[in-house]
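One line per chain: the protein sequences are A and B, in this order.
1 is the number of the first residue of the first sequence in this note's numbering; add one for each residue after it.
1 is the number of the first residue of the second sequence in this note's numbering; add one for each residue after it.
These are calculated hints, taken from the structure and not from any lab test.
Just so we're clear, the structure is a prediction, and the values are computed from it rather than from any experiment.
Think of the CB as a built atom: it goes at the ideal place given N, C-alpha and C, for glycine as much as any other residue.
There's no promise every hint is true.
Okay, the calculated bits of chain A under chain B, using three or more residues with CB under 8 Å as the criterion [stated by the list, open to error]: (1) 22-36; (2) 49-62; (3) 107-121; (4) 128-140; (5) 154-165.
Protein chains: 2
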Amino acid sequence: MTPPLDRLDAVRVVLVAPSHPGNIGATARAMLTMGLGRLVLVEPRRYPDPDAVALASGATRVLERARIVATLDEALAGCVLAVGLSARPREFAGRVLAVREAAVEAVAHAAHGDVAVVFGTEMSGLSNAELARCGVVATIPANPDYGSLNLAASVQVVAYELRLAAAGGKVWRAPRFEPATVDSIEALYAHGTETLAAMRFLDPRMPKRLLPRLRRLFSRAALEKEEVNILRGILARIDQLIGRHP
Amino acid sequence: MTPPLDRLDAVRVVLVAPSHPGNIGATARAMLTMGLGRLVLVEPRRYPDPDAVALASGATRVLERARIVATLDEALAGCVLAVGLSARPREFAGRVLAVREAAVEAVAHAAHGDVAVVFGTEMSGLSNAELARCGVVATIPANPDYGSLNLAASVQVVAYELRLAAAGGKVWRAPRFEPATVDSIEALYAHGTETLAAMRFLDPRMPKRLLPRLRRLFSRAALEKEEVNILRGILARIDQLIGRHP
Chain A
1 MTPPLDRLDA VRVVLVAPSH PGNIGATARA MLTMGLGRLV LVEPRRYPDP
51 DAVALASGAT RVLERARIVA TLDEALAGCV LAVGLSARPR EFAGRVLAVR
101 EAAVEAVAHA AHGDVAVVFG TEMSGLSNAE LARCGVVATI PANPDYGSLN
151 LAASVQVVAY ELRLAAAGGK VWRAPRFEPA TVDSIEALYA HGTETLAAMR
201 FLDPRMPKRL LPRLRRLFSR AALEKEEVNI LRGILARIDQ LIGRHP
Chain B
1 MTPPLDRLDA VRVVLVAPSH PGNIGATARA MLTMGLGRLV LVEPRRYPDP
51 DAVALASGAT RVLERARIVA TLDEALAGCV LAVGLSARPR EFAGRVLAVR
101 EAAVEAVAHA AHGDVAVVFG TEMSGLSNAE LARCGVVATI PANPDYGSLN
151 LAASVQVVAY ELRLAAAGGK VWRAPRFEPA TVDSIEALYA HGTETLAAMR
201 FLDPRMPKRL LPRLRRLFSR AALEKEEVNI LRGILARIDQ LIGRHP
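Pulled out of the complex, with its shape left as it was, chain A reads as follows (with noise of 0.2 Å):
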C-alpha cells in the first residue's frame, strides 16, 4: 500500500479545454498549494502562454511537467478512477457525491492506481457526455444563487479536500511552553484571593461566583510556569500599591 501522502502524486488534475491560460497557472499554484504536481490538459485554446507563467506565482514546475493531450480519453488512460466535477445537476450522473467524500474515495483508489479529477471549461464545465466518462460526480456545496467558481477557485477547493483525505488535516501547531504545576496554580488562587479581598474587589465570607470563573477562565487557557509568574508579579505589585505585607 502506498502511503497515504505519495498517493497524492497518483492524482492527475485535468482541465478540459481551458479557455484562460491564466487559469491555466493559477490551476497550477492551486495544486502544488496541496502537494499535487500532475497536470494534464485537454485541448487548452492558449498555452503554453506568458499569462500562465505570471499566474503560476512560482509553481512553473508544475507547468512544465503539464502533459498536453487532444482528448480527454487519452488524460484518462491508465485511471483506476476518474472523478469529474459539476456544479449544475445532471439527469444520467451516475454516483454523486459532496466533493470531500469524493477526496476521500479519490485517495483510496489512489493506492490501487492513477486517479483523475476531471474539470470542464470555464462557461460550461464538462458535458454529459465528458462526465458519463467519470465514475465519480463530484459536487462542490456553495450559494444555490451563485455557484459559479472560477476554475482555479475549484481546482483548490478540490486539491485541499485530496490533501486533507490524503495527509489528514496537519497543520502547525501553537506554541506551547513549560506548564505551570497544580501547586504553583494552586498558589496563584490563593494569593489572588487574599489581594482581591484586601482591593476589597471581593468579600471573602461571600466569595459567590467570582472564584470559580477566575478558575475556569484560567484551566481553559492552560497557564504555562511564566504566566503563573507573570500573574504572581502583577498581584505583588498590587499588594505593594494598596501597602499589604502578605
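For this one, chain A is given, so just place chain B on it according to the hints.
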C-alpha cells in the same frame, strides 16, 4: 438561536491592506459562491478599481456592500470572535486550529453575534500584532514546500469550510428513477443464468464465481425498473440470435 445557514450573514471577511484590486474582486466572488456577503477592507491600496469589478465576475453586489475602514480595530468592532489566518507558525499564537475546526467554532460563535475572518496582505500575511487581535488563529493545511495560496484562493477555502460548517455538505443528488422490485431482479438473474448457459458461457453444473460476481455488481448499482427491462431485452435478443426459446 439563528438557523445555521443564516449565521453566514454574521460573518465578516476582513482583508487587511490588500495590494491588488483583482484579489478584492476574486475574494468577493469566492465569498458569494459560498453565501458570504459582508466584505470589510482595511486600507486597501487601490480601491475602488475596475480590476476588482472584472474579477468579481458578477459578484459585484458584494463589492457594492463592502465597507472600507482605516484600522483593523474598526473592522473588528462588535465582533464576538475574530479568526485570523496564518500560513506561517507564530511564536506567540494562542489557539491555532486547522481551518475546518476554526470554521466550526466561527459558526458556533455566529449564533451570538458577528464573527470576523481576517486575512493579511498578499506578500506577508497578518503581522504578529494583527494576529494577536484574533482569538483564534486558523491555518490551511498545505504543502510545506510551497504553501503560498493566492489570497482569494485562501478566502475560497475558508468560505467553503464556513458553508459546510453552517449548512453541512448538502449537494444535488444523483437522480433516481423507480427502483426495480426484488422479484423482477430475481427473474432477471434466472433469465440471465439460462441465457448464459445456452450461450455456453456458463456451465450450469459449475457456476462458480460468475453469478455471485454479477449479483454483486448489480446489487451495488441498485437496479432501477427501467434498467431491468433493458437487461431483459438484451437477454431476449440474445435468445433470439442463438435460437433459444424460453
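Cross-check of the supplied hints:
1. Remark: the stretch 22-36 of chain A is confirmed as covered by chain B, as 7 of its residues place a Cβ nearer than 8 Å to a Cβ of that chain, reaching the required three.
2. Interface restraint, the stretch 49-62 of chain A with chain B: holds (3 residues with C-beta to C-beta distance below 8 Å; minimum three).
3. With a cut-off of 8 Å between beta carbons, the stretch 107-121 of chain A has 0 residues touching chain B; three or more are needed, and the interface restraint is violated.
4. Proximity of the stretch 128-140 of chain A to chain B, defined as three or more residues with a beta carbon under 8 Å from a beta carbon of that chain, is established by the 3 residues found.
5. For the stretch 154-165 of chain A, the assignment as covered by chain B holds, since 5 residues bring a beta-carbon within under 8 Å of that chain's beta-carbons and 3 suffice.
Checked against the numbered hints above, the structure breaks only hint 3 and satisfies the rest.
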